[in-house]
Amino acid sequence: MRRFRTLITALAAAAGLLATPGAGPPPAMASGPVVRGVDLATEVTPVSARWIHRALDDARDAGARLFVIRMDTPGGLDSSMRAIVRDISSSPLTVAVWVAPDGARAASAGAYIAAASDVVAMAPGSNIGSATPVAGGSGGDLDRKIVNDAAAYIAALAGDHGRDAATYRRMVTHQLNLTARDAVRRDVAEVIARTPGELLARLDGMPGKGGVPLRLDGATLRIDGMPWHLRVLDVIADPNLVFLFFSLGILALGWEVFHPGAVVPGVVGAILLILALFGLSILPFDWAGIAFMLLAAALFAAEVHVAGVGFLAAGGVASLVLGGLILFDEPGLESSSPAVIGTAAGVGIAVVALVRTAARVRHIAPASGDAALVGMVGRVRSEVGAAPGQVFVNGELWRARTGDGRTLGPGERVRVVKMDELTLTVEPTEEE
Numbered sequence: 001m002r003r004f005r006t007l008i009t010a011l012a013a014a015a016g017l018l019a020t021p022g023a024g025p026p027p028a029m030a031s032g033p034v035v036r037g038v039d040l041a042t043e044v045t046p047v048s049a050r051w052i053h054r055a056l057d058d059a060r061d062a063g064a065r066l067f068v069i070r071m072d073t074p075g076g077l078d079s080s081m082r083a084i085v086r087d088i089s090s091s092p093l094t095v096a097v098w099v100a101p102d103g104a105r106a107a108s109a110g111a112y113i114a115a116a117s118d119v120v121a122m123a124p125g126s127n128i129g130s131a132t133p134v135a136g137g138s139g140g141d142l143d144r145k146i147v148n149d150a151a152a153y154i155a156a157l158a159g160d161h162g163r164d165a166a167t168y169r170r171m172v173t174h175q176l177n178l179t180a181r182d183a184v185r186r187d188v189a190e191v192i193a194r195t196p197g198e199l200l201a202r203l204d205g206m207p208g209k210g211g212v213p214l215r216l217d218g219a220t221l222r223i224d225g226m227p228w229h230l231r232v233l234d235v236i237a238d239p240n241l242v243f244l245f246f247s248l249g250i251l252a253l254g255w256e257v258f259h260p261g262a263v264v265p266g267v268v269g270a271i272l273l274i275l276a277l278f279g280l281s282i283l284p285f286d287w288a289g290i291a292f293m294l295l296a297a298a299l300f301a302a303e304v305h306v307a308g309v310g311f312l313a314a315g316g317v318a319s320l321v322l323g324g325l326i327l328f329d330e331p332g333l334e335s336s337s338p339a340v341i342g343t344a345a346g347v348g349i350a351v352v353a354l355v356r357t358a359a360r361v362r363h364i365a366p367a368s369g370d371a372a373l374v375g376m377v378g379r380v381r382s383e384v385g386a387a388p389g390q391v392f393v394n395g396e397l398w399r400a401r402t403g404d405g406r407t408l409g410p411g412e413r414v415r416v417v418k419m420d421e422l423t424l425t426v427e428p429t430e431e432e
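Under our numbering, think of the first position of the sequence shown as 1, with each following residue one higher.
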């Protein structure tokens, strides 16, 4: 529900920006050193990692002396966190993580990003820690290896920046969490600041990247929020939504193929598949999952053509479930098993219903056209044989001949067996 609310809010904000008369770029900043930043008030995802990468490049091009990540995050994906850490390490700018406002947290992946930054600042009511990774094993040696690797990683990041590596290590091994005051006291953070002005004042003169002192007198901090289109993409890049969009898109396009002219299912299916591809372009996925989902689509299509007893549809449901469960296998990025099974079962039921509808349609006699006369019973009006005569069928007089050349007199009942252009081929019958 939180993601859907975020999606609606982002779309509304975009509409407001487009509809506001005279909307334009923000006013020019005051003269002084350039300080740029971003507001990371969300989970650490591939979208937020790309956004920070781009923001760091923009700040460098603008001649910024300091880049600030104002952070309030519960954590996120390991791969995205490591991408941000690499960008911070390789950037020529001094990067400060400011855990703010009051009540904010730098938990899990946020603690690693803070450890990699050049300066860690915290608002008075904030906290940092609880960085134990979500392990993918079963509680044995594999989980211990994952935890030990993470502990060594965060300790190395902290030690490289002159912070207490042992305390950072305990954030992983013992789920340690520290308040702002405790963090400064234990060399986890450097300063406490409640407002942007207070932050810049405390950082002025401190050594930045490469030991060069920060000169921030007269500087103004500009912190940008995530653009609306990236917020929308961040919502779409959800494993459960990607699987749902992919499954429903296949179903909707299949309905359009087997019910040509419906239009709406085809349009909706195309949109859903495009949204699914957007999500897959952001999230790390397994090609085996894609292969299983395509196999499911092929089995569903075969079920519609064969119109059997449901074995192909059952195979399609099984393939769809397998594909959904292995499509995303990174810890913290797995699809919900109940959502995958429920969606696959729903698609399977819809396919079976489509098959039965198609079967009923195939057994309905045509209601119009030449084929509609085949099987109808009428009476001979003028002698019919090898030479054409006339019969009265369906309220009209038709030119007709017999298929075997026998002669039928007026008043005899006949059934239409074929129509060739405007001439019927009939045979005698006792039906009324």
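Quick caveat, the hints were computed from the structure, so don't treat them as lab data. One should not assume that every hint holds.
[Stated by the list, open to error] Computed cross-link-like contacts, DMTMM-like style, restricted to lysine to aspartate or glutamate with a CA-CA straight-line distance of at most 25 Å: (1) Lys209 x Asp39; (2) Lys145 x Glu334; (3) Lys209 x Asp164; (4) Lys145 x Glu330; (5) Lys209 x Glu330; (6) Lys209 x Asp187; (7) Lys209 x Asp61; (8) Lys418 x Asp404; (9) Lys209 x Asp160; (10) Lys209 x Asp58; (11) Lys145 x Asp286; (12) Lys209 x Glu198; (13) Lys145 x Asp160; (14) Lys418 x Glu396.
[To be verified] Ranges between beta-carbon positions, derived for each pair: (15) Gly375 x Gly409: 43 to 49 Å; (16) Pro213 x Asp58: 22 to 28 Å; (17) Asn148 x Pro213: 35 to 41 Å.
Predicted model only: the values in this text are computed from it and were never measured. Positions of the beta carbon are idealized from the N, C-alpha and C atoms, including for glycine.
Cross-check of the supplied hints:
{"no.": "1", "hint": "Lys209 x Asp39", "result": "holds (21 Å)"}
{"no.": "2", "hint": "Lys145 x Glu334", "result": "holds (20 Å)"}
{"no.": "3", "hint": "Lys209 x Asp164", "result": "holds (18 Å)"}
{"no.": "4", "hint": "Lys145 x Glu330", "result": "holds (16 Å)"}
{"no.": "5", "hint": "Lys209 x Glu330", "result": "violated (33 Å)"}
{"no.": "6", "hint": "Lys209 x Asp187", "result": "holds (18 Å)"}
{"no.": "7", "hint": "Lys209 x Asp61", "result": "holds (17 Å)"}
{"no.": "8", "hint": "Lys418 x Asp404", "result": "holds (13 Å)"}
{"no.": "9", "hint": "Lys209 x Asp160", "result": "holds (12 Å)"}
{"no.": "10", "hint": "Lys209 x Asp58", "result": "holds (18 Å)"}
{"no.": "11", "hint": "Lys145 x Asp286", "result": "holds (23 Å)"}
{"no.": "12", "hint": "Lys209 x Glu198", "result": "holds (21 Å)"}
{"no.": "13", "hint": "Lys145 x Asp160", "result": "holds (22 Å)"}
{"no.": "14", "hint": "Lys418 x Glu396", "result": "holds (16 Å)"}
{"no.": "15", "hint": "Gly375 x Gly409: 43 to 49 Å", "result": "violated (23 Å)"}
{"no.": "16", "hint": "Pro213 x Asp58: 22 to 28 Å", "result": "holds (24 Å)"}
{"no.": "17", "hint": "Asn148 x Pro213: 35 to 41 Å", "result": "holds (37 Å)"}
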